[in-house]
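Undergrad: Okay, here's what each chain looks like letter by letter:
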Amino acid sequence: MYVAVKGGEAAIGNAHRLLADRRRGDRSVPALTLEQIAGQLALAVDRAMAEGSLYDPDLAAMAIRQSRGDLIEAIFLIRAYRTTLPRFGASRPVDTGAMRIERRISATYKDMPGGQLLGPTFDYTHRLIDPAMATDEPVASGKRRARSDDPCPRVTDILGRDGLIEPDGELPVDEPGDLTREPMEFPAGRDLRLQALSRGDEGFLLSLAYSTQRGYARSHPFVGEIRIGLVDVEVEMPEVGFAVTIGRVRLTECQMVNQFQGSSKEPPQFTRGYGLVFGQSERKAMAMSLVDRALRADEFGEERTAPAQDEEFVIAHSDNIQATGFVEHLKLPHYVDFQAELDLVRRMRREQASAGDSQEARSINCDAAE
Amino acid sequence: MTTAIPTYNFAYLDEQTKRMIRRAILKAIAIPGYQVPFASREMPMPYGWGTGGVQVTASILGPDDILKVIDQGADDTTNAVSIRAFFERTAGVATTTRTAEATVIQTRHRIPETALIEGQTIVFQVPIPEPLRFLEPRETETRVMHALEEYGLMHVKLYEDIARHGHIATTYAYPVKVEGRYVMDPSPIPKFDNPKLHRSPALQLFGAGREKRIYALPPFTNVVSLDFEDHPFQVQSFERPCALCGAEGVYLDEVVMDDKGGRMFVCSDTDHCETRREAGFTGVQTAEAAE
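Chains F and U, in that order, give the protein sequences.
For the first sequence, my numbering gives the first residue as 2, with consecutive numbering after it.
For the second sequence, my numbering gives the first residue as 512, with consecutive numbering after it.
Isolated chain U (complex conformation) (with noise of 0.2 Å):
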């Protein structure tokens, strides 16, 4: 065998290219809500697993940085525990689960439930940036769409929903307009998580591989879910509390305890429940348990 043993660059990617997914970083920031188009790289985990998210982090991360990794709002599920090993390989830089301690967080489907702060960046995996892809599958049509600013089929699409069920349906990935001219999708976070885009001090970065775009949100951008005023945009609500630590108007996930249609509800965001209940905050199910 003749073949070399590779060797990678800190963080993975070469200078190069860190090079090149900074200009496209530098350039949404520039044009809020825009979808920069990028030489996205061939990344050793699979497309959808996050090769977006993982190439802007691999470009920004300093060696100084404080790294934190979710997935549906978790820092323990597989994929976010095998995006923050690579990390840890490929940079060796310092994780943390705690959201306030990380410096960048690296999210799928969700952003924490403790506000963001100044001088924090979040980077979204982003399986498909383009909003109007359902209503139109040409990027040739979306791009001049975009371009001409021309979001009526949007519109069409939510009152369409509102026509047919009452209210609009569309319940993640919810479409908001950034600074009053790009239409986005904020990648499929619930729309719960929507209001926590607007006038963020955190810098917002979002990376779709396959697709090739990135885009972003600077910090404290205004960032609104498209609606009507006679049908305003609603955040879900939830009917009781986390079972674990007793946190209210936060996300939860339902847990299926038994085949009898017991179901509990907890925490999506696991690192904002393990924090209250370490402050002693408890649930129903923690004080049924301690009794």
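Next up, chain F with everything else stripped away, as it sits in the complex (with noise of 0.2 Å):
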């Protein structure tokens, strides 16, 4: 006898119950803590911080833990509480050029003022798993150089004293757009392009910068420079007269430049592609940038033919907490929707047997819809 599915409630209460016992695993073992985390899985919190669109590194370390690892769904709590904070107001653009650098490369230039620094970066690392990794042995401190006052211009700054590359572009009178806050209308400004590649997903921008590089939207890209560090966040104080700093986060830069033949108007110059992005993201920052230049076709004359020229197509599918969203829906109950394209089916079925003239295909349908 079949009965009416009742008890969704105490089914929600029993798998809620068993993720939280599955999040805590052995508990012989002792839990994370949130220091540890925020200290030594430092780029997963800047990645869900980065596409969380919060600095908060306590907070993201909070939500890796609850979301037991899964980057996605920590940065789903994180944007669910970011939406709930009050809006005071937008800050002043951050002056990337006085970066506390603590990463700085360019491809362009060989040397430059203030130099090139590796920083902590994995590129020549030698990706064999470290015996010393099932341990905890001692790790020695990292060098630090004295602190330098020469000043660390941006390479495109150097480049633009030439005018050998394209203005940087006025800064609007007007407040930044906020696609949190207002409906995305297509074609958007770049502030607000800029906004959704700087929130979008590592991963999609990561494979729409490659298709750029295969051929779908070349761009001759270089990386100008890659700079990561700390720089203030500093907010205008009408009540004061000037701005204050109200904190400091850490950033990566990625400045592209890229080929441009010029115009009957323009001289040639190479073009910009931009990328920032929250915390250490030098992957992120530098597909932000190819995909920011791309996205840049019309203004430059070129012929819109690659899904990473789209910007319909790249912004209204960067965000992947819209995306997970859509094509987890699927595993709610749809039976309603698939009784009516069950019963469609079956008449269609019906109506082809019967148009067939076949006897025998028509009894194994007629079975089919009983």
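A hint or two may mislead.
What follows is a set of in silico ranges between Cβ atoms, one per label pair, in the way DEER data are often shown [said to hold, decoys possible]:
| no. | chain 1 | residue 1 | chain 2 | residue 2 | range |
| --- | --- | --- | --- | --- | --- |
| 1 | U | R692 | F | H17 | 41 to 51 Å |
| 2 | U | L659 | F | L118 | 55 to 65 Å |
| 3 | F | E352 | U | L664 | 24 to 34 Å |
| 4 | U | I577 | F | E300 | 52 to 62 Å |
Straight-line alpha carbon distances no greater than 20 Å define the calculated SDA-like cross-link-like pairs of lysine to any residue that follow [what the hints assert, rightly or not]:
| no. | chain 1 | residue 1 | chain 2 | residue 2 |
| --- | --- | --- | --- | --- |
| 5 | U | K529 | F | T85 |
| 6 | U | K529 | F | Y82 |
| 7 | F | K111 | F | V224 |
| 8 | U | K668 | F | V346 |
| 9 | U | K668 | F | M349 |
| 10 | F | K332 | U | M556 |
| 11 | F | K144 | F | F123 |
| 12 | F | K332 | F | N15 |
| 13 | F | K332 | U | I639 |
| 14 | U | K668 | U | L737 |
| 15 | U | K668 | U | M656 |
| 16 | U | K688 | U | E652 |
| 17 | F | K144 | F | T122 |
| 18 | U | K529 | F | R83 |
| 19 | U | K529 | F | M185 |
| 20 | U | K529 | F | R88 |
| 21 | F | K332 | U | S593 |
| 22 | U | K538 | F | P184 |
| 23 | F | K144 | F | G116 |
| 24 | F | K111 | F | P152 |
| 25 | U | K668 | U | F739 |
Don't read these hints as lab results, they were simulated from the structure.
Glycine included, every Cβ here is placed at the ideal spot set by N, Cα and C.
These two chains come separately, so use the hints to put the complex back together.
TA: Written as structure tokens, this is what we have:
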């Protein structure tokens, strides 16, 4: 005897309880501390902050712990919290030229003011699993250079002085757009585009960026500069009449220098692709700058033929919280609609069988329709 | 840890957000069937789980409202339970499973069998609000098509169905025309429910969170399912009544009973079925069990 299924509430309660149990794992092993996550899984924390678009390492560490290390789930937790926070205003543009630099490299110049600084990079490690990772061997502290007051100008500024690269554009008078507060409309301004890219899924942007390198909107890119470090966040205070530093964030900035032929109006000069991401996230910043440049196709009169150049395609699909939600919602019950399709398929099969005038086919389909 | 423990407003959303959403709802009511863009918030449930419907409900809910939440017609499906619990927790409103008692009904994929009345509001969860989306993936294009009332493509699609299958092969999310102007996606309700949209005394609101659109059918709006003179719109009909309550002319779920092809058909609307059984109606199966 069939009884309509009851007990969704109890099932959900039990599922949550089991999830909490699995999250904690073996009770004889000490629980992860937030300090451990923020300190030893710092790049995971950085990614959660970047795509969660909320700079708060403690909160990101909490979210990573709560999500059992599923970073998209952690990003989701951060986003759902972020959306409830009040907006006080927009900061002044951060001055990455005055960044306290941890890493700074250029692929376009062998040396330049401020020098090349490798910093904490995986780049020249050999990817051999280190037996020391199975234990807790002492680790020497990093070497520190003496603090230098030498300026470390952005490579794009060096190029810009000679007019070899397009200018950075004028600072808009209005506050920059915010796609989390206003519905997105296409075509979007570059401010909204950059915001969407900066919080977009690293994997999606990486693949799109890769596609531009393989000929789908090739832009002949050079890494003008990547810099990682701390910058001050300043907010104008109308009450006091000057800007006040409210905090410091770690950023990764990538300035991609791309080819451009010039036009009747403009002399030949390089063009820019820009990437800026919370935390240390070089892969994401580089991918972002390639996609940013590809999306600027119209500005340079380039024909839009590739996915990476298609603003609506890129922006509408770059958000992993939207993407994971809609893909995963397919597991929710759909039996009402499925019933409607089932009914139609059976009807069409019946019709085909009777039209085919085959006795055999008819009986099979009648069976199926029972 | 310096992170403050968060506190939440009545029905979760802050009042500024509610005001923004209410404005979108008012605009949607003023232009029936038109998709109003709104600044959809990131909700604490995933996109695709009803974030649009939840935001609409959160914006219209008052402390005296009585809320009913259904998914697939049922009050006890897990997502319906979860959304109902969300509003019980964040708004503390009374909830019910009785269609007739509810002032606000949030639904996914169904319209209750019990006819809605004046004063009730039904909120639909919408995955893809754009009825033209699968014919034209670009929003920039479809907005122009709506503006110019350029719906030829949709008729071509329906015609191609007839040419290929002998009838229109759309069984759910069946497109409708609202007040002779906008073609609208009624959300993925079975086309069985489409006639209930027409001149309904209740206010019908549609929320699409991920796609950031709200649209509406004010009470007594004309809603016509698209069709052709020689191929008129038809709803599904079932060959047998509900096995539990004997109801006819309702939408049924097919339940697989065993691995030998055994099937039974029961009301998709659980409240409708329970109310009938309480009133003494029986179906084939309940009659058998009683013997």
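Undergrad: So, for every hint listed, does it hold in this structure?
TA: Evaluated hints:
no., hint, result
1, R692/U x H17/F: 41 to 51 Å, "46 Å, holds"
2, L659/U x L118/F: 55 to 65 Å, "57 Å, holds"
3, E352/F x L664/U: 24 to 34 Å, "27 Å, holds"
4, I577/U x E300/F: 52 to 62 Å, "55 Å, holds"
5, K529/U x T85/F, "12 Å, holds"
6, K529/U x Y82/F, "17 Å, holds"
7, K111/F x V224/F, "12 Å, holds"
8, K668/U x V346/F, "18 Å, holds"
9, K668/U x M349/F, "18 Å, holds"
10, K332/F x M556/U, "14 Å, holds"
11, K144/F x F123/F, "16 Å, holds"
12, K332/F x N15/F, "19 Å, holds"
13, K332/F x I639/U, "17 Å, holds"
14, K668/U x L737/U, "11 Å, holds"
15, K668/U x M656/U, "15 Å, holds"
16, K688/U x E652/U, "19 Å, holds"
17, K144/F x T122/F, "14 Å, holds"
18, K529/U x R83/F, "17 Å, holds"
19, K529/U x M185/F, "19 Å, holds"
20, K529/U x R88/F, "15 Å, holds"
21, K332/F x S593/U, "15 Å, holds"
22, K538/U x P184/F, "15 Å, holds"
23, K144/F x G116/F, "17 Å, holds"
24, K111/F x P152/F, "17 Å, holds"
25, K668/U x F739/U, "12 Å, holds"
In the structure shown, no violation is registered for any of the earlier numbered hints.
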